[in-house]
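We have chain G already, so just place chain C on it with the hints.
Number of protein chains: 2
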Amino acid sequence: MKRAVVLLSGGLDSAVTLALARAEGFESYALSFRYGQRHAQELNAAGLVAQSLGAVEHRIAAIDLRLFGGSALTAEIEVPKNRDAGEMTTGIPITYVPARNTIFLSYALAWAEVLEASDIFLGVNAVDYSGYPDCRPEFIHVFEQLANLATRAGVEGSRFRVHTPLISLTKGQIIRRGLELGVNFSLTHSCYDPAADGRACGACDSCQLRLKGFREAGLEDPIGYAG
Amino acid sequence: MKRAVVLLSGGLDSAVTLALARAEGFESYALSFRYGQRHAQELNAAGLVAQSLGAVEHRIAAIDLRLFGGSALTAEIEVPKNRDAGEMTTGIPITYVPARNTIFLSYALAWAEVLEASDIFLGVNAVDYSGYPDCRPEFIHVFEQLANLATRAGVEGSRFRVHTPLISLTKGQIIRRGLELGVNFSLTHSCYDPAADGRACGACDSCQLRLKGFREAGLEDPIGYAG
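Chain order of the listed sequences is G and C. According to my numbering, the stretch in the first sequence is residues 1 to 227, in order. According to my numbering, the stretch in the second sequence is residues 228 to 454, in order.
Excised from the complex, chain G in its bound form (with noise of 0.2 Å):
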């Protein structure tokens, strides 16, 4: 069976991805990172998903990107509440780390390359969010190249690919072939600045682009929401 490193934040992009993955007949190894995020849900849910959805794995790479700040997800930096669509989809939010999916690809590439696997999975969208840098086409295709060039196994002939299974779908695509999965939604945390008792605030870009893509979908989002 092939094996693929699958990036799971926790989010519902990140569980769809890892039920196509399977869903391909890859063997997952699930690899989640602690990075300083503000709120641990996260991880939790990360943990969850990764076990409903058969993962052979699930680690858990602590890493420090508060050590350079310059995120609403990493800095004391407030997280922007109910933008309207226009806004955000102009420019690139403040809730974008730098190198964010540099640094997370690069490890999936180090775990791949110990594995044997040259298959990495990654739920970035270009359609419904299209903002962050590090989630667009030409960022996946020239990191495929740089982990060919990188890697002991790249220059032994193996050939990278980074999949990007929902790099095209909208929100509601997206749902819709979750729960043709089998995808346990109500385990899946997307909010970018939960509640103290841990429930989504269903204002930030991250709920409101998931409550659209429920509305989309013609379903009810299963998650509690605050307030």
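Warning: the hint list may mix true and false statements.
[Said to hold, decoys possible] Just the calculated beta-carbon pair ranges, DEER-fashion:
1. Glu-27/G <-> Arg-293/C: 18 to 26 Å
2. Gly-281/C <-> Ala-196/G: 26 to 34 Å
3. Gln-51/G <-> Ile-319/C: 33 to 41 Å
4. Arg-34/G <-> Arg-426/C: 29 to 37 Å
These aren't lab readings, by the way, just hints derived from the structure by calculation. These numbers were taken from a predicted model, which means no experiment stands behind them. From the three backbone atoms N, C-alpha and C, an ideal C-beta is built for every residue, glycine too.
For chain C alone, coordinates are given in the frame of chain G:
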């Protein structure tokens, strides 16, 4: 004054690289990693070198490459000793750490973006020790392309440059250049497998190359060796 992030291991090469960044007029931000090395002398050396060469800041990012293993430097695999020059220049050594320079450069990129710097210095060398795939010019070149695509700064027009001023120098040339620039080599640490008292072993590939470099430069290495 232009800012640059300089990757600093505590070894001889990165010390000379830091001195060169200063000589080129950069304000240097030195970055080291606690990455599950089996020994800590490297990081002590990095701190002393950063201070002695006028780095504005020195930060240490804790990253756990032992999570994946796969190298004599991060797993319980023996460091090879007393290999001859032929053995050392054939194939990729067991001290290769999967995706290490990709991970290191990704962190440097994150910090550079936060600092609004577009220059990164890395002391890789492709002459005396050509075994590591992620020390080759083609790898560096693709990383620069990646950096421009991965970041907000790149989208907004920054052009990242990864400076590798040592890439085509011999160890002897690196040492002579460092002396000209006032590098205090007694502060540096190169050994992969030091004795319990911290002294270099003199027999691992890294020690052998260092000693060969001092011989080529017609100088005596100021550090002590065990045995």
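Against the structure, the hints:
Look at Glu-27/G against Arg-293/C: about 23 Å separates their beta carbons, and that is inside 18 to 26 Å. Between Gly-281/C and Ala-196/G the beta carbon distance is about 46 Å. The supplied range of 26 to 34 Å is therefore violated. Between Gln-51/G and Ile-319/C the C-beta distance comes to about 36 Å, which sits within the given range of 33 to 41 Å. Checked against the given bound of 29 to 37 Å, the beta carbons of Arg-34/G and Arg-426/C, roughly 36 Å apart, stay inside it.
Hint 2 from the list above is the single one not met by this structure.
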